[in-house]
Each structure stands twice: as structure tokens, then as C-alpha cells.
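Enquirer: Note that the protein sequences, when read in sequence, are chains F and S. When we follow full-length UniProt numbering, the leftmost residue of the first sequence carries the number 1, and every step to the right adds one. When we follow full-length UniProt numbering, the leftmost residue of the second sequence carries the number 1, and every step to the right adds one.
Just so you know, these hints were derived from the structure itself, not from any lab. Incorrect hints may have been included.
The list cannot tell twin chains apart, which means a pair is met if one copy fits it or any two copies do.
[Stated by the list, open to error] Derived SDA-like pairs: lysine to any residue, alpha-carbon spacing no greater than 20 angstroms straight-line:
hint, residue 1, residue 2
1, K24, G107
2, K193, P177
3, K24, F153
4, K146, P50
5, K146, G52
2 protein chains.
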Amino acid sequence: MSLTLYGFDGSTYVRTVKMLLVEKGADFDQVQVNVIKGEPHLPEHLARHPFGKVPVVDHDGFRVLETAAIMAYLDEVLPGPSLTPDNAHDRARNHMAMGLYDSYGYGALVSVFGFHLFPDFIGGQNEDSRRKGIDNSKRVIRELMKIKGDDPFIAGLAPSFSDFYLAPACAYIAMTPDAALVFAVDGFAEWWKRLQALPSFQATIPQ
Amino acid sequence: MSLTLYGFDGSTYVRTVKMLLVEKGADFDQVQVNVIKGEPHLPEHLARHPFGKVPVVDHDGFRVLETAAIMAYLDEVLPGPSLTPDNAHDRARNHMAMGLYDSYGYGALVSVFGFHLFPDFIGGQNEDSRRKGIDNSKRVIRELMKIKGDDPFIAGLAPSFSDFYLAPACAYIAMTPDAALVFAVDGFAEWWKRLQALPSFQATIPQ
Numbered sequence: 001m002s003l004t005l006y007g008f009d010g011s012t013y014v015r016t017v018k019m020l021l022v023e024k025g026a027d028f029d030q031v032q033v034n035v036i037k038g039e040p041h042l043p044e045h046l047a048r049h050p051f052g053k054v055p056v057v058d059h060d061g062f063r064v065l066e067t068a069a070i071m072a073y074l075d076e077v078l079p080g081p082s083l084t085p086d087n088a089h090d091r092a093r094n095h096m097a098m099g100l101y102d103s104y105g106y107g108a109l110v111s112v113f114g115f116h117l118f119p120d121f122i123g124g125q126n127e128d129s130r131r132k133g134i135d136n137s138k139r140v141i142r143e144l145m146k147i148k149g150d151d152p153f154i155a156g157l158a159p160s161f162s163d164f165y166l167a168p169a170c171a172y173i174a175m176t177p178d179a180a181l182v183f184a185v186d187g188f189a190e191w192w193k194r195l196q197a198l199p200s201f202q203a204t205i206p207q
Numbered sequence: 001m002s003l004t005l006y007g008f009d010g011s012t013y014v015r016t017v018k019m020l021l022v023e024k025g026a027d028f029d030q031v032q033v034n035v036i037k038g039e040p041h042l043p044e045h046l047a048r049h050p051f052g053k054v055p056v057v058d059h060d061g062f063r064v065l066e067t068a069a070i071m072a073y074l075d076e077v078l079p080g081p082s083l084t085p086d087n088a089h090d091r092a093r094n095h096m097a098m099g100l101y102d103s104y105g106y107g108a109l110v111s112v113f114g115f116h117l118f119p120d121f122i123g124g125q126n127e128d129s130r131r132k133g134i135d136n137s138k139r140v141i142r143e144l145m146k147i148k149g150d151d152p153f154i155a156g157l158a159p160s161f162s163d164f165y166l167a168p169a170c171a172y173i174a175m176t177p178d179a180a181l182v183f184a185v186d187g188f189a190e191w192w193k194r195l196q197a198l199p200s201f202q203a204t205i206p207q
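Same shape as in the complex, but just chain F (with noise of 0.2 angstroms):
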């Protein structure tokens, strides 16, 4: 079996996909494309993915594009515990959640974090847009929050997708001043902190 997942460590992205493979596990290769030096851009990487964007993955010869086609395709074809919530309520509630964060999280929590840490890549420091990112943020933490209810995790009982898909992005937002405002969401301290606690998330922190 050959499995290599392109994307570098700084991408929350990759780190969603990196913390499933190693939740289940798993041997792989990783290439090192480095969005801030615009690296999904060169034509090698516009052959994987026509719009330049990480992660991609390759499993024996079998190319697979965007996040969640990723890990719903990893979680099924890789051994290891599955990550894939065991009901159909539970599995409508990870899918909402990503839906919600791919729709409106990540873009308002990359406004935020980028503000702080690259604003190069987000094409400089913008006030307004850090100030309509806490709201957003804010807002699409509080719904994954509303579907996690009283469960540890925010599809039920277990880590799935989802808590993959907010962590790595939570954990920028932690290293900006303005991670007591967009963290300020009734459930989500206790949350946290569970993710962070997971070897996954301890074994992914980018260098």
C-alpha cells in the first residue's frame, strides 16, 4: 500500500487529514506543499488539484480532493478504530458541522487568526474583516457547540470528523489576543480541552 498526502503542517486542513491518520494508525508519506510560499500554485501541484488548494491525497495510484471526501475515503479504506459515528443522527450531526465550518467557520476563523499570524496570506490586516471574523467565529462555534449538546464530543460519544475539522483552527485562534472572545461559547472550554488532550492533537502541533 502507498499512501501520501500532500500539504504542509501549517495548513489546518492537512492537520484535520493528519489527525485521522493517526488516530487510525497509519503509514504515510507527506509532501511538504507550502502555501504561504504559494506552492499549490506551481504546475505540479495545479496537476493534483486544478484550483491549487491542499490537502490532496494518493492511495495506490487513487487521487482523492477535498477534505472531506479525504477522510470519509481514509476512514473506510485504512484499519484502525473508525471515526465515523455509529448512528444516523450522530452521523447527520458530523456532517452539519462540517457542512457549517466549511461554509462559515473556517474563512471567519482564518480572518481572525491570519490578522495575528500571517497577515500576508490573508492580504493584509483588515479591522473590519478581524471584527466580522470573531462574530462568525463566534456564531459557527456556538451552533457546533448547540449540536455537540452534553456529549464530550461534538457528533456524540466519540471524536469524528468534525472535532478534526475545528481543532487545528481553535488551536491558531489560542496563540491570538483575541482567543477569549471568539472562545467565549457556552460548552466549548470543556470541548477544547478534551481535543487537546488527544495524542492526535498532540502528535500534529506544526512545527
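Dock chain S against chain F, hints included.
Expert: Relative to the frame of chain F, chain S by itself:
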């Protein structure tokens, strides 16, 4: 069983869900939340979706947001034929195509058909945005047709979610003078003919 679909027939994503409901032979109620009239941003809809989007589905009191989550959930819990491919590779092709459509396809296609059909909805007619939209629409459709390969549908021998994602936006593109440009992609014409012939496509044409 009670099943309510919130969202108006003009929305391509609402039609995506309706195509699945028709394929499943499901009974459902629909609340026409009109995007063009701004109804998704009324408090009663914001209580259903914090970012004021459609579709939203309520199934026996369980609320599902985001089209990918709705599709997977309904396909699983409703009787009728399965719209989920029966092997891991085809499931990955389906998810990949949905991800590419969500991330790059929808916005590109809307900027083309919106220009001609709903200019107010997309903030007015912008020639540059239309031209970029044509390029990006073709790039996404080309990638989806590569995923399809020689199969009749995007993820294999039978229709799956990804076909129902792409078709409703193509129906709007077909009404514009840019159709010939956008649709000039290898393999598209046969796929599009096949999709338009589906009873679920016919039954969901917006009035």
C-alpha cells in the same frame, strides 16, 4: 413521519435535495423560503439556520442543515433506492465532486447565470466576474467529467448526490447565452442529456 423542506424552488441546492426526495419517492412538505425576497434572513429562518441559508430539513423534529449533510441523512433514513455508490472508490468520487462543486463550482456558476438571470441577487452585472465565472465553471465541470470518466454518471453507473449537485446550476446556465462556452467540456453533453432525462430532474423544474 414528518418531513419538512425549508427553501424555495429557485435555489439550486433546494432542487438538489428535491431531486433526491423524488428519487426516494418520499412524501414531504415544503416551506418556500424565498432567497430573492430575502426571507432566509427573517428571524424565523435565522432560528433554523444561523447564517440564513437554505435548504434546511426537519425530520420528526431532528433538524439538518447544509446540503451534503441533508443528502447523506435522507438517503440513509428514507426508504427507496440508495443514491450512495456501493463501493469506496465511487463513494470517494461522489464526495470529491460534491466538494469541488461546493468550494469552486457553485460560486463560479452563479456568477455566470446570475449575471444574466438574477443580477440583483449577485450585486449587479460585473463583466469581469462573469468572465472569471465562465473559466472557473469550465474548470470545475472539466474536473467533474474527469472524475466521471467513461461512466454514465459522475460517481459510476448510477446517479448519486454529485449529479444532483451539478444539474440544477446547469439548468440555469442553459438559459443564458454563455451556455455553449461553459458546456464546451469533453463528456459533458452526454451527461447533461442523461441528467435532463431523469424523472427527478423533470419533476423539480422551478415554476
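Enquirer: One pair to classify: K24 and G107, alpha carbons no more than 20 angstroms apart. Within, between, both, or neither?
Expert: neither (28 angstroms within a copy, 35 angstroms between copies)
Enquirer: For the identical chains here, do K24 and F153 meet the 20 angstroms Cα criterion within one copy, between copies, both, or neither?
Expert: within (18 angstroms within a copy, 32 angstroms between copies)
Enquirer: What label fits K146 with G52 when the C-alpha limit is 20 angstroms: within, between, both, or neither?
Expert: Only across copies: K146 and G52 sit 17 angstroms apart there, 34 angstroms inside one copy, limit 20 angstroms.
Enquirer: Between K146 and P50, at a C-alpha cutoff of 20 angstroms, which is it: within one copy, between copies, both, or neither?
Expert: between (36 angstroms within a copy, 11 angstroms between copies)
Enquirer: Reference check for the pair K193 and P177, CA-CA at most 20 angstroms: within, between, both, or neither?
Expert: within (18 angstroms within a copy, 55 angstroms between copies)
Consistency with the previously given hints fails for number 1 only.
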